[in-house]
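*Asks:* Working from the sequences, and respecting the hints, build out all of it.
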Amino acid sequence: MNLKIVVLAKQVPDTRNVGKDAMTPEGTVNRAALPAIFNPDDLNALEQALRLKEANPGSTVGVLTMGPPRAAEIVQQGLFRGADTGWLLTDRLFAGSDTLATSYALATAIQKIGGVDLVIGGRQAIDGDTAQVGPQVAQKLGYNQVTYAEEILGISDGKATVRRHIDGGVELVEAPLPLLVTVNGSAAPCRPQHAKLVMKYKKSPVPAQWSVADIGGDSAQCGLSGSPTKVKSIENIAFQAKESKTLTASDADVESLVKELLADKIIG
Amino acid sequence: MDNVFVYCETEGALVAEVSQELLTKGRKLADELGVELHAIAAGSGLKGKVEQQILPYGVDKLFVFDDPVLFPYTSAPHTDILVGLFREEKPQICLMGATVIGRDLGPRVSSSLTSGLTADCTQLEIGSYTEARTGKEYKNLLYQIRPAFGGNIVATIVNPDHRPQMATVRSGVMQKAVYAGSARGEVVYPETGKYVSPEACAVKVLDHHVEAARHNLKGASIVVAGGFGCGSKEGFDSLFELAGLLHGEVGASRAAVDAGWCEPDRQIGQTGVTVHPKVYIACGISGQIQHIAGMQDSKIIISINSDPDAPINQIADYVITGTVEEVVPKLIKYYKKNSK
Ligand SMILES: Cc1cc2nc3c(=O)[nH]c(=O)nc-3n(C[C@H](O)[C@H](O)[C@H](O)COP(=O)(O)OP(=O)(O)OC[C@H]3O[C@@H](n4cnc5c(N)ncnc54)[C@H](O)[C@@H]3O)c2cc1C
Ligand SMILES: Nc1ncnc2c1ncn2[C@@H]1O[C@H](COP(=O)(O)O)[C@@H](O)[C@H]1O
Chain H
0 MNLKIVVLAK
10 QVPDTRNVGK
20 DAMTPEGTVN
30 RAALPAIFNP
40 DDLNALEQAL
50 RLKEANPGST
60 VGVLTMGPPR
70 AAEIVQQGLF
80 RGADTGWLLT
90 DRLFAGSDTL
100 ATSYALATAI
110 QKIGGVDLVI
120 GGRQAIDGDT
130 AQVGPQVAQK
140 LGYNQVTYAE
150 EILGISDGKA
160 TVRRHIDGGV
170 ELVEAPLPLL
180 VTVNGSAAPC
190 RPQHAKLVMK
200 YKKSPVPAQW
210 SVADIGGDSA
220 QCGLSGSPTK
230 VKSIENIAFQ
240 AKESKTLTAS
250 DADVESLVKE
260 LLADKIIG
Chain X
0 MDNVFVYCET
10 EGALVAEVSQ
20 ELLTKGRKLA
30 DELGVELHAI
40 AAGSGLKGKV
50 EQQILPYGVD
60 KLFVFDDPVL
70 FPYTSAPHTD
80 ILVGLFREEK
90 PQICLMGATV
100 IGRDLGPRVS
110 SSLTSGLTAD
120 CTQLEIGSYT
130 EARTGKEYKN
140 LLYQIRPAFG
150 GNIVATIVNP
160 DHRPQMATVR
170 SGVMQKAVYA
180 GSARGEVVYP
190 ETGKYVSPEA
200 CAVKVLDHHV
210 EAARHNLKGA
220 SIVVAGGFGC
230 GSKEGFDSLF
240 ELAGLLHGEV
250 GASRAAVDAG
260 WCEPDRQIGQ
270 TGVTVHPKVY
280 IACGISGQIQ
290 HIAGMQDSKI
300 IISINSDPDA
310 PINQIADYVI
320 TGTVEEVVPK
330 LIKYYKKNSK
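If you read the sequences in order, they're chains H and X.
Letter by letter, the first sequence follows residues 0 to 267 of numbering that gives the first Met the number 0.
Letter by letter, the second sequence follows residues 0 to 339 of numbering that gives the first Met the number 0.
Keep in mind the hints are simulated off the structure, nothing from the lab.
Keep in mind that a hint or two might mislead.
What the hints assert, rightly or not - Pairs of lysine to aspartate or glutamate, EDC-like flavour, derived with a Cα cap of 16 Å:
#, chain 1, residue 1, chain 2, residue 2
1, X, Lys332, H, Asp252
2, X, Lys329, H, Glu259
3, X, Lys332, H, Asp250
4, X, Lys60, X, Glu88
Claimed, not checked - From the structure, some residues in chain H lie toward chain X, with a derived Cβ separation under 7 Å:
#, residue
5, Phe79
6, Ala130
7, Gln138
8, Leu140
9, Asn143
10, Arg162
11, Asp166
12, Pro204
13, Leu223
14, Ser224
15, Pro227
16, Ile233
17, Leu246
18, Lys264
Glycine included, each C-beta is placed from N, C-alpha and C at the ideal position.
*Replies:* This is how it looks when you write it as structure tokens:
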């Protein structure tokens, strides 16, 4: 079966390695101090898409991303790893989108792309950690959804079989296309960039760059105005320092601590 | 209209603990707002089994949807129930667990109702909000407080204009307590078919396998937690003896989990479980924000760390400057000697 697959991928600040200069004294994030990377789970999503493409000759994989112009890098990195095409949604009207407004933009773009059988996203993005965009895109498109996937085992008779992690266990589900799947970071890692593909696409522009108007979007549903959630305030985290008793590792110190805790019935 | 709703997750006929925790929180919010607390349970074989797991937390009205198509959970039927019911009931707040189910269902419902959803809240409060642009004032909004940017900041999110205000909360973050006041405790059994169309049942669960929890870290009153400073799997394993003696459980930092020294379900912190023990013994844990987020409410914190300036020492009641290899065996030895 020829599948038309779209991978949702986001460029994110690398919040895993936040240095001291990453926060401004006002407690806001200094995005410039954080390297921008391909959201980790989205690489796992891309790998699942590329495997399906190999297993189903004639299929295509496209990478869809929304972000500032620089996010074109994400589409390019997708091409370097084996995607066939890509789309960048970029427009000042998209700025300030929460998950709902993001899902509106992505779903509208997927409708414009048209005929998409399978949308594969990461489970969550490391800047927001919400895991909301995938299911919201699925709802807007009226697609079935399977979240927390470890592996898309295969597709036959218009149905995908997916192994997923649930709380305390695993599940095997069968879901008819069209379908949206979100993939865990623990799924198979993405293949590396391919030197030939890097050569081929290094200099070429992103296949398509779309604004709100290009996708026929309603600007009221995009960006800040399309976002029901508002950030009221942001604070730096400060923990209350405690008065602590300092001990050494000597036998006498450790024994007296144990005795104190026993006497106070804290342990026992 | 305007009530507080909690979606109660079930596995078989067992109500998830996180849902009970949210009922307790939801009751407080409802009392503060002067409205009712309503609960929804959807699954198969629930009638007569779930009511007593839900009502004691102060529920005024419980909606039980009992139908074979509702278990195992799939997205669309549960979404249809919540969306249909919320269109009728128009709640102002809806809470659910930040579990695999809650994080699958919440966004699908919020998208259907175009209402805002905030994931993984660590605190929920009622407060007012003034929109900077228009100066418009809103009273009695739900403050959805959550870590952001990898836990380096906390953000307070509000949904001024859209209802319900939806939030998910991880297991263990709130604490459950049977409600001391009196609640109406009405139970209704709406017909599932009125809300769920046959087309919504397209996704089939071929195999569903859940294992009973291997430990009770969340509820433990003593937690011995190991970090990267344990140095090795053997070093980490020594914590089990201490925890066993103290009738506690072993927890871990993410670095210890990533090193493969224990199972991921023992991770404590922002992306793991939240614990509230009487005693927390941190063994070779530096105390990064994301770890502290899951244990800061421990009554007594003991830090064993070779670095006297480890950040965790700032919030510790007792700091033992030394190595895990040296101190843990001594704790074991002197506990055995003095506990009888
Ligand atoms: C989005 C995000 C979410 C995260 N979520 C979590 C989470 O839920 N939980 C979590 O724990 N982390 C989480 N982390 C990771 C967190 O930032 C830290 O990396 C992690 O907690 C560090 O673990 P550690 O303290 O064991 O290791 P380290 O930071 O390496 O600290 C080791 C400590 O051991 C001490 N030590 C070394 N040798 C010895 C010895 N022989 N005896 C005694 N002490 C010794 C050192 O002085 C040091 O203080 C998250 C990070 C991100 C970005
Ligand atoms: N701006 C975006 N562009 C493309 N995909 C996105 C974007 N935001 C979120 N996604 C997708 O949705 C997933 C979940 O994101 P989040 O809900 O932000 O945690 C990500 O892993 C991506 O696959």
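*Asks:* Could you work out which earlier hints the structure fails to respect and list their numbers in ascending sequence?
*Replies:* Numbers 5, 8, 10, 12, 13, 14 and 18, in rising order.
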